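In case you want the letters, here they are:
There are 2 protein chains.
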Amino acid sequence: MIGGVREYFDKDYRKLKYILDTIEKIYASYGYRPLETSVFEDLNVLLKKGGEEIREQIFRFDRIGLRFDHTVPLIRFAEEHKELPRPIKRYSIGKVYRNEDPQRMRYIEFIQADIDVVGSSSIYSTLEILEIAELVLSSLGLSAQIEVNDRRFLDSVVADLDDDQKSFLFRTVDKIGRFGERWVREQIERKGIGMKYLDILLRSDLETVKDYSKEAYNTLIRIGRKFNPTLVRGLDYYTGEIFEISIAGINVSVGGGGRYSMFSEKHNVGISLGVSRLYDLIDYKDQINSVFIAWIDEFEYADSIAKELRKRGLAVEINTEDRSLRKQLEYASKYYGKCIIVGRKEKEEQSVVIRDLKKGEQNTISLKELLENYSKYFD
Amino acid sequence: MIGGVREYFDKDYRKLKYILDTIEKIYASYGYRPLETSVFEDLNVLLKKGGEEIREQIFRFDRIGLRFDHTVPLIRFAEEHKELPRPIKRYSIGKVYRNEDPQRMRYIEFIQADIDVVGSSSIYSTLEILEIAELVLSSLGLSAQIEVNDRRFLDSVVADLDDDQKSFLFRTVDKIGRFGERWVREQIERKGIGMKYLDILLRSDLETVKDYSKEAYNTLIRIGRKFNPTLVRGLDYYTGEIFEISIAGINVSVGGGGRYSMFSEKHNVGISLGVSRLYDLIDYKDQINSVFIAWIDEFEYADSIAKELRKRGLAVEINTEDRSLRKQLEYASKYYGKCIIVGRKEKEEQSVVIRDLKKGEQNTISLKELLENYSKYFD
Chain A
149 MIGGVREYFD KDYRKLKYIL DTIEKIYASY GYRPLETSVF EDLNVLLKKG GEEIREQIFR
209 FDRIGLRFDH TVPLIRFAEE HKELPRPIKR YSIGKVYRNE DPQRMRYIEF IQADIDVVGS
269 SSIYSTLEIL EIAELVLSSL GLSAQIEVND RRFLDSVVAD LDDDQKSFLF RTVDKIGRFG
329 ERWVREQIER KGIGMKYLDI LLRSDLETVK DYSKEAYNTL IRIGRKFNPT LVRGLDYYTG
389 EIFEISIAGI NVSVGGGGRY SMFSEKHNVG ISLGVSRLYD LIDYKDQINS VFIAWIDEFE
449 YADSIAKELR KRGLAVEINT EDRSLRKQLE YASKYYGKCI IVGRKEKEEQ SVVIRDLKKG
509 EQNTISLKEL LENYSKYFD
Chain B
149 MIGGVREYFD KDYRKLKYIL DTIEKIYASY GYRPLETSVF EDLNVLLKKG GEEIREQIFR
209 FDRIGLRFDH TVPLIRFAEE HKELPRPIKR YSIGKVYRNE DPQRMRYIEF IQADIDVVGS
269 SSIYSTLEIL EIAELVLSSL GLSAQIEVND RRFLDSVVAD LDDDQKSFLF RTVDKIGRFG
329 ERWVREQIER KGIGMKYLDI LLRSDLETVK DYSKEAYNTL IRIGRKFNPT LVRGLDYYTG
389 EIFEISIAGI NVSVGGGGRY SMFSEKHNVG ISLGVSRLYD LIDYKDQINS VFIAWIDEFE
449 YADSIAKELR KRGLAVEINT EDRSLRKQLE YASKYYGKCI IVGRKEKEEQ SVVIRDLKKG
509 EQNTISLKEL LENYSKYFD
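In order, the protein sequence lines correspond to chains A and B. Start counting at 1 in the first sequence, then tack on 148, and there's your number in my numbering. Start counting at 1 in the second sequence, then tack on 148, and there's your number in my numbering.
To be clear, the hints were calculated from the coordinates, so they are not data collected in a lab. Any given hint could turn out to be false.
It does not matter which identical chain is meant; a pair holds if it fits inside one copy or across any two.
To be verified - Below, computed lysine-lysine pairings styled on BS3-like, alpha-carbon distance capped at 30 Å:
#1 Lys173 <-> Lys482
#2 Lys358 <-> Lys524
#3 Lys339 <-> Lys230
#4 Lys344 <-> Lys486
#5 Lys173 <-> Lys475
#6 Lys524 <-> Lys230
#7 Lys506 <-> Lys323
#8 Lys455 <-> Lys314
#9 Lys482 <-> Lys455
#10 Lys197 <-> Lys493
#11 Lys374 <-> Lys455
#12 Lys173 <-> Lys159
Just so you know, these numbers come straight off a predicted model, no measurement behind them.
So here's chain A without its partners, still in its complex pose:
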């Protein structure tokens, strides 16, 4: 396996799938419609929307590139489908790509789960997607903490800076959580930007916001989550409220989003959850109802039992190798707690041997008993 990617086998895959299924079920239950796009997008479309930083991270071949998020594909899709009534409420769950140095512990492929509302300027959309994010996290056994800020407030605070300074200040302030206030001050000073902007942000509460932007204030009041004046987030396309979703108590970000404008679609709001992040955070108890059937000579009898048990919802692996019973049990004990054994005697009696592979104990029951009460035997 190359660096910067993950792969999921067996129970790891089931854990991943459990997360994806949980998210998808909740997204769909709110009437959001699924959109599965290609990982490929026109390179020009990607470049037009990526900020400086993203631009260098696009995997490219000729005139196509790999999507670096689900937002650009969504808005491109919305522009291509003018006939769809607005708002378009859609979800997308899948892999996105960033050409980063894997040595820096960054993933070059990771999974994001997004919901967005395209063509909505209403606060209800924002409230709905925040509610959905909280529901997803609580369903996964995590407690969400949502911090909010507003671009209109931030823009107003730095109104007398030029674009370059503004952009630098925001990018730097955005890292205050990771690198601390001292580091931020040093960076800002070195760039020759006055300290007053940072001081305003650090001192601001909701009442301060009112002095800078009435709209931002009204929005933040309605949202009613934790106000964080130094929260900035991907500045290139956000236009109003922005949010950061963390796990309460441990301060790990699992997603974020905000209100944005992109291409011809001006009023949109969305969030993105980092599935690979969630994977590392949740508790998951792997439960799969499965059994192995070992057999000697009597493949057909074993196979008929396998088919009956599969009909009842069990995953049944039957021995397909030409190997001794000892070898079959050796293999089974690597994957299974119990197994079924059949041979000539069992076929004649219409019975099966059930063997506890941990304890090495076994006993014989009738086939009828197995099929009627199979769940009693495999926990």
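Chain B: place on chain A using the hints.
Leaving out everything else, chain B in the frame of chain A:
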């Protein structure tokens, strides 16, 4: 959207997901373990296993490339996990990539669903995966036709040709289904290869196979599916039986596979189903239990109803826009057959209006009646 890819929105996505879920459920029920790998593989690993034709079709950046099938990632994974007991029975479902000219109506991104057994030289593995393929297709309402041949027979027939001629002959014969016998004869003649090899293949039945390879004969007899002596398939890594899976009656291939050797793993057998192909072939009736809630003034009342209905398993979209009832109904009628309307009067009475958006008829029922018998109102 760029050429050569597909995207799936709303009911198209649900159709795709229905196929993927059906396949996955069956694969897992036989005890095959899921493996989700990255779309990225080390370029050298890909190049080492791709034949001439595939090699040119790999999307590359520096030292990584996009996987062109699920077999190379599987064997690379198996080599990295020597500790896993053999055989490894695994399934993989996901996108694979071929850098082809989309103008030629080829997809550059498509979905394949594979099952393979790594480290098995038994005929039972082959029988099992063919049974699984047939079960998948019948579960999707399609009738499978499986044609088989054997590499050992083919190799024996052309034993006195050199490698280049052999490879050319096989690649040409493999296209007989698409281009016909006359075309194949022309190609072979032009290359200066004698006609006798083709004639043997065209005349062969199972008894002929016995004269060329006893092992191939015994294998084909045990497999018991339709023998096709001109079936060749991706010759680079197959070593024994090979199969082609088509839909009976319409002669469209939906997958294939065979026994193969790759890198250090010598005895493996597997099949790959083309999901995008299946997508175009199956009948699918989209069924989603969903409803729209329109409201005037009383958002909270509407929202509490939405939450109750979601708990009961319905997908519920609630209006999140600041728009008139007329506009809400206009929107709802694009996506829904019926909708719920609430306002001040309904809140006071604890009732809801149910409107048939097609017929324009509506009537009022109590909230209690809705929550108790909701399925009666939304078909």
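Those earlier numbered hints the structure runs against, lowest number first: The structure conflicts with hints 2, 3, 4, 6, 7, 8 and 10, although it agrees with all the remaining ones.
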